[in-house]
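Enquirer: Here is what each chain is made of, one letter per residue.
Protein chains: 2
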Amino acid sequence: MTGALLANTALFRGASPQEAEAMLNCLGAVERSYCKGERICRSGDYMTDLGMVLSGSVLIQTDDLWGNTTVLDKAGPGQIFAETYACVPGEPLMVDVVAAEAARVLFLKVERVLHVCSHTCAHHSKLIRNLLLLSAQKNLNLSRKIFHTSAKTIRGRLLSYLSYQARRSGGPSFSIPFNRQQLADYLNVERSALSNELSKMQRDGLIRLEKNQFTLIQDVSGLSSRV
Amino acid sequence: MTGALLANTALFRGASPQEAEAMLNCLGAVERSYCKGERICRSGDYMTDLGMVLSGSVLIQTDDLWGNTTVLDKAGPGQIFAETYACVPGEPLMVDVVAAEAARVLFLKVERVLHVCSHTCAHHSKLIRNLLLLSAQKNLNLSRKIFHTSAKTIRGRLLSYLSYQARRSGGPSFSIPFNRQQLADYLNVERSALSNELSKMQRDGLIRLEKNQFTLIQDVSGLSSRV
DNA sequence: TCCGAAGTGTTGTTATAACAACATACTTGT
DNA sequence: ACAAGTATGTTGTTATAACAACACTTCGGA
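Those sequence lines, one after another, are chains A and B.
Numbering-wise, the first sequence is residues 7 to 233 according to this note's numbering.
Numbering-wise, the second sequence is residues 7 to 233 according to this note's numbering.
Hints are computed from structural coordinates only; laboratory data are not their basis.
Computed from a predicted model, the values in this text were never measured in an experiment.
Among the hints, a few may not be true.
Remember, identical chains collapse to one label, so a pair may be satisfied in a single copy or spanning two.
Each computed DSS-like pair below joins lysine-lysine, with the alpha-carbon atoms no more than 30 angstroms apart [claimed, not checked]: (1) K80 x K42; (2) K158 x K217; (3) K80 x K217; (4) K80 x K115; (5) K80 x K158; (6) K115 x K42; (7) K158 x K206; (8) K217 x K206; (9) K80 x K151; (10) K132 x K115.
Please work from the sequences and hints to get the whole structure.
Expert: And the structure:
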C-alpha cells in the first residue's frame, strides 16, 4: 500500500510500486507515527537513518543561543529529511525535527541504501543515484541562498534574487513562490524593511511589482549578462 | 603515474593506484592544462563533467551585479569542483572557475561515474558512494555557514560560530582555521567591525583570545546545552 | 454582509554595521 | 637588523537596517 506512494517520490523514482515496496526489506525500513508537536529527531543525535514522510508533515527547526526557534524547512509526504547527516557518519544533527501535525515517518538505514545487497534488488543502484541527485540539488539551493544573502544591502539582495528569478523564468516578468515574510526570511532581512525597499526600487524605476508578480525594468545594460 | 595521486583523493578513496588509473577509461577522463588566470569554466556553462585538480590550484569565484569578484572557494590537488552542477543536469554554473596558478585538471564524465559500466570496474560503486559523501559534506558546510550568518548582529554570528567550534573541539578552548579577514568573509561582515566586536566581547568577559586561539568564558549556563 | 485575521505598506526612531583612516603589531626576505 | 609588507586593532562618521507602531488591503469564514 505504501508502494504507490513511494514510487512517486524523488528517492524511489524509477521503481514501480511493487519494486519500491519490495526494496523496503533490504533498506531496514521502520515506520513510526508521531503526534503533532512530537519531537522526531533532536539536535545532537547521530543519524544512521534517513527519514521519509509518509503522511502529515515535519518541520526542520533550530533554537538559537537565546532560545528563539526558527523553522528552516518543512517536509511533506514523499520528502526526505536528515539524509545529509545520515550520509556523513559521526556528524551530529544541528537541527530538531518535529511533527507539524500527526505524521507517519519511514526510516531507512543509509548503510543499506548505499550498499547494494544482491541482484534481487533491481533498482537499488538507481536509488543511490536518486539520493545523490537530491543531495546535489539541496546543495545548489543552499549555495543560491548564500549567494543571494551575500550582498550587504537589502537592495543588493533583492537584485540578486530577482535577477536570478528573471533569468530562470527566461524573461523580465515572473512571479515568486514567497510572500513578503517568507522572502524576508529567505534573504535574512526584516519584512517591513523589505517592503520599504521594494517600494523604493519601484519608485526608482528598477522594478514594477504587483503582489508576487515582478517585472525587472531597465535590464541593466551590460550588467545582466554575467550575473 | 596519476594513479598514486588519485588513490589518495577523497573521490577515489578505497581504490589502489592501479585500480584508480584503470578506471579512468570508463570515466571518460580528459586531462587539460591551464595557465595562471585562465578561465576553466564560465558562469552559465552546463557541466557534464566534474573537475579534479591534479596540480596547481583553481579558484571558484563569482562576479556580483556590480562587477566585484568574490572568491568562494579554492581547490588544490586531489580536490574536485563543479561536481554539484554536473550531478544536476540542466543547471547552469553560477560561478567561474579560474586557474589560481598553472594547473592540470582532470575532467570526468559524471554520467559515467554514476552508471557502473561492467564488472571489470571493481571500485566503481565505491566511487559513487565517495561522491555522495563529498556532496553531503559540502552540504553540511553550506548549512553551517548559513546557520552562522543568520544572526543579525556580529556578536550573534561570532557566538554562533565560536560555540560551534567549542563544541566541535570538545572544550572551551580552541583555535580556528581562519585569520580575521577570512573569518569576516565567512561570517559576511566587515573585518574591522569584526575585530572591534571581538575586543568588546573580550572586555565583556565573554571570550578570551590570543591570535587564533579562543576561549569561551562563562559557559553561558543553561544556554549551551542545546545550541 | 460583516467580522476578524493575515498580509502588506508606511513612517519615524534607534541600534548597528559599514566605511575610512590610522596606529600598532607581526612577518619575511635581504 | 632593517625595511617593506601584511595582519590586526582602534576610533569617529555615516549609511543602513532593525524595530515599533500603525494604516490599509485582502480574503475567508460565520
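Enquirer: If a hint holds in the structure, say so; if it does not, say that too.
Expert: Hints, verified against the model:
{"no.": "1", "hint": "K80 x K42", "result": "within (14 angstroms within a copy, 44 angstroms between copies)"}
{"no.": "2", "hint": "K158 x K217", "result": "both (25 angstroms within a copy, 27 angstroms between copies)"}
{"no.": "3", "hint": "K80 x K217", "result": "within (24 angstroms within a copy, 41 angstroms between copies)"}
{"no.": "4", "hint": "K80 x K115", "result": "within (21 angstroms within a copy, 34 angstroms between copies)"}
{"no.": "5", "hint": "K80 x K158", "result": "both (28 angstroms within a copy, 23 angstroms between copies)"}
{"no.": "6", "hint": "K115 x K42", "result": "within (24 angstroms within a copy, 45 angstroms between copies)"}
{"no.": "7", "hint": "K158 x K206", "result": "both (17 angstroms within a copy, 23 angstroms between copies)"}
{"no.": "8", "hint": "K217 x K206", "result": "within (15 angstroms within a copy, 43 angstroms between copies)"}
{"no.": "9", "hint": "K80 x K151", "result": "both (16 angstroms within a copy, 20 angstroms between copies)"}
{"no.": "10", "hint": "K132 x K115", "result": "both (16 angstroms within a copy, 18 angstroms between copies)"}
The structure is consistent with each of the numbered hints, conforming to all of them.
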